[in-house]
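Top to bottom, those sequences are chains P and F. For the record, in the first sequence the residue sitting at position 105 is 105 according to the working numbering, with numbers rising by one throughout. With positions in the second sequence counted from 1, the corresponding number in the working numbering is that position plus 161.
Bear in mind the hints are in silico, worked out from the structure with no lab data behind them. Each residue gets a CB set at the ideal place from its N, CA and C atoms; glycine is no exception. Heads up, a few of these hints could be off.
Examples of chain P residues lying across from chain F (beta carbon under 8 angstroms, computed) [stated by the list, open to error]:
1) L12
2) L37
3) C38
4) Q61
5) C63
6) A64
7) K119
8) L121
Here are the simulated DSS-like pairs of lysine-lysine, each with C-alpha atoms no more than 30 angstroms apart in a straight line [to be verified]:
9) K17(P) <-> K78(P)
10) K119(P) <-> K579(F)
11) K579(F) <-> K17(P)
12) K52(P) <-> K23(P)
13) K80(P) <-> K17(P)
14) K80(P) <-> K23(P)
15) K316(F) <-> K415(F)
16) K198(F) <-> K119(P)
17) K80(P) <-> K47(P)
Taking beta-carbon pairs under 10 angstroms as the criterion, some of the chain F residues facing chain P (in silico) [said to hold, decoys possible]:
18) M545
19) V550
20) A552
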Amino acid sequence: MDSKQLYQEVILDHNRKPRNWGKLEDASHRAEGLNPLCGDHIWITLKVDGDKVESLAFEGQSCAICKASASMMTTNVKGKTIPEIEQLIREFREMATGKLDVARAPNHLGRLSVFAGVKDLPARVKCAILPWHTLHAAFQRQASTSTEGDADPMSLNAENR
Amino acid sequence: MSAVISPKALRPAAQGSFDLQRVRKDFPILALTVHGKPLAYLDNAASAQMPRQVLDRLIQYQTREHANVHRAVHTLSETATAAYEGARAKVQRFINAREEREVVYTRGTTDAINLVMHGYGRAFLGEGDEVIVSQLEHHSNIVPWQMLCGEKGCKLRVIPCDDRGVLLMDEYARLFNDRTRLVAVTHVSNALGTVNPMREMIELAHAHGVPVLVDGAQAVPHMRVDVQALDCDFYCFSGHKMCGPTGIGILYGKAEHLNRMQPYQGGGDMILSVTFEKTTYNAIPYKFEAGTPPIAAAVGLGATVDYLSAIGMENIAAWEHELLAYATEQVGGLQGVRIFGTAPDKAAVLSFEVAGVHPHDVGTILNEEGVAVRTGHHCAQPVMQRFGVPATARASFSFYNTLDEVDQLVAGIRRVQKMFG
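Throw the hints in and build the complete structure from the sequences for me.
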């Protein structure tokens, strides 16, 4: 694929001006996400009321793909329930790893499908998925997650995740 | 590769027989296009490409000479053994080792360092002993020693570097004490390109009675290495970084050390006799070559040495120096680009960052322009920590690269800046 297809204006824009950047002081859930190969390192804080995500924020150091993915994730999931978001996390991961064709199969990804092209750049899949993994970790009350080891979406052990 | 090579790219690199256009024709892979653009392969520090002469040798070996080595009396076993041992002799001459038996085949540099860690470190180092490494090491020359430290209670001491990526010799001298047992240091930094003053560093270590292991993975492909002139105790390098096959590397070790070291792995070919009561080990180098070795890869390494020798390591070094000078001037001249590693003595490695753009985005977009660079921490996280960055982009050159490919890199960086501007 052409990188222009991945580095679309919407992604470059979210990279330049990430939404919900920062840290919630009164967070109910938080997690750290690390992609050691790339050096992507993000922190997500969120406030959950019942099973609804009232607000969330992220910050860290990362490439454009990771930062835009995190930024668009925060705008997308705000106000949704945890089960709805877990569904999105699954769909996003399947899209990024090429298991879900967003043009054909029904899904809830909407504008997030700008990241579909990442499936053709195996080295960058982890960058796009990291924020979603980190959000999942926060829901699980897991302090940190990594794209390596058992959490590696590209690993041979990733079948059941 | 496009047929158009500008006159400047054909400028002779040095006095002698170096002919860039002819050299490029030896490498079939350089004719590829990537995303419709001519491939500019600038990831040579990770792995270099293989010339047809080596490919042909592999095919000849595999189609006319292959059997297991050191085993049978039949003809093919003899041709295979002759080819395998002949390659060892070629390597011996290439690095000017005193004897063939000082040249041990390994899987690569990492394997060679681990062999020394197991065979020498575990045998001769104990609690409180110290190993000196440098800030510039690849993980493969850090982690094995850390494992040894964890097991034996030894201590790792680190030679720091300055902002140019030059090791601080005064600090190095101060690290020695009566517990220093080994210095393990890289000849050339893979992340920054710094060429360390090996002769001086080895002399100092020897003055303290301390042996030195040199990680030569990034040096052997780019300069003439003479292990006797260096007087190093161990020298490790890989075939695939010098245009040879993967899966083969060399541990050079002084016979006096190798003789007293423990074997690394047990198995066939490394023994003289085996009973259930007692095994007698074979002599060096075979003591360290358990099991069936990568025979074809070793034979290919021999052909690689012939190929590089025919071009001449001086010619290779001279042309790569020109490439580095031109790339440093062109890339360094771009506004918003910072170069890491500005040592006066450098191999053709250019680590850089584009302000405001993560190296992985740089790498992905350069790939669109046909330019292959490495992005990341280059398995040298302590170097990244020293310069306060998580990662860099790295262009690393080989003698088959052209000045036009440097221009292609520069154009790619400009495109990155435009996209992210």
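- Message: So if I understand the rule, the pair passes when the alpha-carbon distance is 30 angstroms or less; does K316(F) with K415(F) pass?
- Response: holds (25 angstroms)
- 30 angstroms limit on alpha-carbon distance, applied to hinted pair K579(F) and K17(P): Given pair K579(F), K17(P) holds - Cα atoms ~17 angstroms apart, limit 30 angstroms.
- Message: For the restraint on C63(P), tell me whether the closest CB of chain F is nearer than 8 angstroms.
- Response: holds (3 angstroms)
- Task: Quickly compare the C-alpha distance for K80(P) and K47(P) to 30 angstroms and report which way the hint goes.
- Result: Roughly 12 angstroms between the alpha carbons, so the hint for K80(P) and K47(P) holds.
- Task: With a cut-off of 30 angstroms on the C-alpha distance, tell me whether K80(P) and K17(P) pass.
- Result: holds (23 angstroms)
- Evaluation of the interface hint that places M545(F) against chain P, nearest CB under 10 angstroms: Hint on M545(F): holds, closest Cβ of chain P at ~8 angstroms, below 10 angstroms.
- Item | Status of the hint placing A64(P) at chain F (closest C-beta pair under 8 angstroms) | Since chain F brings a Cβ to about 5 angstroms from A64(P), closer than 8 angstroms, the hint holds.
- Message: Hinted pair, alpha-carbon criterion (30 angstroms max): K17(P), K78(P). Please report holds or violated.
- Response: Roughly 18 angstroms between the alpha carbons, so the hint for K17(P) and K78(P) holds.
- Item | Hint check, L37(P) versus chain F [nearest Cβ-Cβ separation less than 8 angstroms] | Hint holds; L37(P) Cβ to chain F Cβ min 6 angstroms, cut 8 angstroms.
- Does K119(P) pair with K579(F) here, judged by a C-alpha cut-off of 30 angstroms? Holds - the C-alpha atoms of K579(F) and K119(P) are around 25 angstroms apart, at most 30 angstroms.
- Item | Given hint K119(P) paired with K198(F) - CA-CA distance at most 30 angstroms | holds (22 angstroms)
- Message: Checking hints one by one. Is L121(P) an interface residue toward chain F, by the C-beta closer than 8 angstroms rule?
- Response: Holds. Min distance 6 angstroms.
In this structure, the one hint that does not hold is number 7.
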